[in-house]
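Engineer: Position chain B against the provided structure of chain A, taking the given hints into account.
Number of protein chains: 2
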Amino acid sequence: MSDWLPSWRETPTRQAIVDFVLRTTQAGAQDFIAPADRIAVFDNDGTLWSEQPLYFQFLFALDRVRALAAAHPEWKTTTPFKWVIENDMKSLVAAGGKGLMPIIAATHAGVTTEAFADIVRDWLATARHPATHRRYDAMVFKPMQELMAYLRANGYGTWIVSGGGQEFLRAWVETTYGIPPQQVIGSYAGLAYVPGAQPAILKTEQPELVDDHAGKPVGIQRFLGRRPVMAFGNSDGDFEMLEWTTTGAGPRLGALLHHTDAAREFAYDRASVVGRLDRGLDEAGQRGWVLIDMARDWERVYPDAT
Amino acid sequence: MSDWLPSWRETPTRQAIVDFVLRTTQAGAQDFIAPADRIAVFDNDGTLWSEQPLYFQFLFALDRVRALAAAHPEWKTTTPFKWVIENDMKSLVAAGGKGLMPIIAATHAGVTTEAFADIVRDWLATARHPATHRRYDAMVFKPMQELMAYLRANGYGTWIVSGGGQEFLRAWVETTYGIPPQQVIGSYAGLAYVPGAQPAILKTEQPELVDDHAGKPVGIQRFLGRRPVMAFGNSDGDFEMLEWTTTGAGPRLGALLHHTDAAREFAYDRASVVGRLDRGLDEAGQRGWVLIDMARDWERVYPDAT
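Here the protein sequences line up with chains A and B, keeping their order.
Just so you know, numbering that gives the first Met the number 0 puts 44 at position 45 of the first sequence, and the rest follows in order with no gaps.
Just so you know, numbering that gives the first Met the number 0 puts 3 at position 4 of the second sequence, and the rest follows in order with no gaps.
Hints listed in this document are in silico derivations from the structure and should not be mistaken for laboratory results.
Computed from a predicted structure; not experimentally measured.
Note that the Cβ used here is the ideal one computed from N, Cα and C, for glycine as well.
Among the hints, erroneous ones may be present.
Examples of chain B residues lying across from chain A (beta carbon under 7 Å, computed) [what the hints assert, rightly or not]:
hint	residue
1	Tyr54
2	Leu58
3	Ala188
4	Gly224
These stretches of chain A come out as covered by chain B in the derived footprint (C-beta under 8 Å, 3 or more residues) [unchecked claim]:
hint	stretch
5	102-108
6	172-181
7	222-228
8	285-294
Only chain A is shown next, with the shape it has when bound in the complex (with noise of 0.2 Å):
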C-alpha cells in the first residue's frame, strides 16, 4: 500500500482509510461492497485543493472583471463591479453571495461552454495565487491525487461534489485529477441550446444547483443515483454529504480535512469565513468520522514542494 499513498504519514488516519478500502474489496470480506456500489465522493474547494485567501473561483471571476473592464466603461461606475476595479476587498468581502452575483454573471454566462473552458484554461495558464504565487492548479493536495487514485485502483468510482461551477471545474480536473467530466457534481446555473449548423451551448444567469450543504447529497441523487459510501469534505458546507453517505447501510467512511498546517498551507476551522469548519468538529466523533490533521497526516502538501 505505500506505493499508493507515500505522501501520507505512517498515521492511524491513513490506517483506517487502508483498512477501509481491504475489508470492502477484499473477495469474501465480510463488508465486500459490490465494483458498481463503490463510489467515493469528494469535496474539492479546501478538500483537493487549497482555499484561501479566498475561493480561487471567485479570484478567477475577480481577473475576468479586470480582464473585461475595457470593454465596460459602465463598471468604473457601478457596483459590485468598481469594487474589483479599486481592488476594495472590503467591500466586495462585506456584500456576501447575493452582492456578488453580477460579478459571477457577467464572468460566468452568456458564452459558450467550450469557450468558457478555454477561458479557464487560459486563466489556469497565467494566474498566480497572491500569496504562494504558484499556479492555483500546483495548489492541489497531492496526498489527495494519490488517494484518488488508490481508489480508483481498488475499483472505488471517484467524484467531485463541490460548491465550485460545474463548467468551471470540469475545464481542468481530467488532468489534474484524473476525473471525467461526466463525474464532476459542481453548482450550476443553466444552459441553453442554439440549433444551427454549427449548434452551441450556452451558458445562462438562470440559477439551478447550490451545490453546497443539503444541496450536495440533492447533486448527488441527480447525478449518480447511488448513495456513495465513502465522503470527503473539510467544511460544514460538506456535513450534509458526510451525514447521507455515512448513515446508509453497510461499510461507509466519512473524512474531514483539518487545515491545521500555517506553515505549509494554511490554518483555519470554527472562525473562517471561507471553509468554516466548526459543527463538523464538534460531530465528527460521535459521528465515527475520520479526521484528517493536515500537519500530523501528511509528508507533503502540494506535488512540487514539501
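Structural biologist: What follows is chain B alone, placed relative to chain A:
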C-alpha cells in the same frame, strides 16, 4: 460480429452501424476515437422500448391514480383525476401535457426516491400492456439491447437521454439494459434533502428539466459534459440530440428508428401524437442519418417473441 447482433438482419443499416464501430475502434484507423470519447446516447420511449398507445410512464401514472383513489375521495369530482377514475381517455388526451401535470405531481412527488423506485418496480412486475398483455419491460427491443452490449464491448459508454422521468427509468434500466443510474439522463423535478438520523431524499413537484427537444443536448452537457459521437432516437423530440451529436468534428453517427411494423409492433410516424417523426424523416437523408426500418432491418423485435 454476427454473434453480437443476431436480431439484426444483414442489411445496409446494420452494416453502417458495424462499419462505424470498426473504423472508430481499431487502433491505427483514420477515424479512431479515444475510449474516453466513445459515448453513445439513446432515447428510451420508442427507441429502446415501445411507446404506443401512450408513453408507458403515463400509463403507470394512470394506474397509480387508480391505486390511490380510495385515499383521495375528492378525486371523484376533480379533473383531471375524475377522467382517470371514469376511464375517460378522450378528455385525458385532450388535456395535453400541462393539463395532466396534477396527475404527474400526485403520482411522482412527495415520496422518497427509494420508495418511488419500489413503486415503479412493483408496477412493472404486475401491470400488463393493454394490447399485448405483456409486462411493459418485456416490450423492450431485443436488437437495441444487443446493440448496446455490442457497443460496450467495443469501449463505448451507453447513456439514456429520455423525455421520461429520471427516477422512473433508474428503477429498472440497470437490470433491463445494463445501464447504471449515473448514465440515465431524463426529465426531472426537484429533490429535497431531509436530514436526520435516517436522512432521505424527497421528490418534489418543482419542474427542473424537460429532457426533450432542445432539453436533450442541455441534459447531455449537464450530465456528460462531453459531446456524444453516436445518437439513437425515433421521434422529432430527438432531433436536437442528433443534430448536436452529428455536427461535431470527426466521425459521427446519428440514427432514427422508423416504426414501420404494424404486424410485430406498431406503424406510425408523421401523424402520430405519441412519438411523432416528421422533420426527422424529411432531413435524415441530407444530414446523413441512418434510418432503421423496423420491418426491414430487424429479425425480431421483443426478447421473447419473433
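Engineer: Against this structure, judge whether each hint is valid.
Structural biologist: Outcome of the hint check:
| no. | hint | verdict |
| --- | --- | --- |
| 1 | Tyr54 | violated, 21 Å |
| 2 | Leu58 | violated, 23 Å |
| 3 | Ala188 | violated, 11 Å |
| 4 | Gly224 | holds, 3 Å |
| 5 | 102-108 | violated (count 0) |
| 6 | 172-181 | holds (count 3) |
| 7 | 222-228 | holds (count 4) |
| 8 | 285-294 | violated (count 0) |
Figure legend: structure checked against the earlier numbered hints; hints not met, in rising order: 1, 2, 3, 5 and 8.
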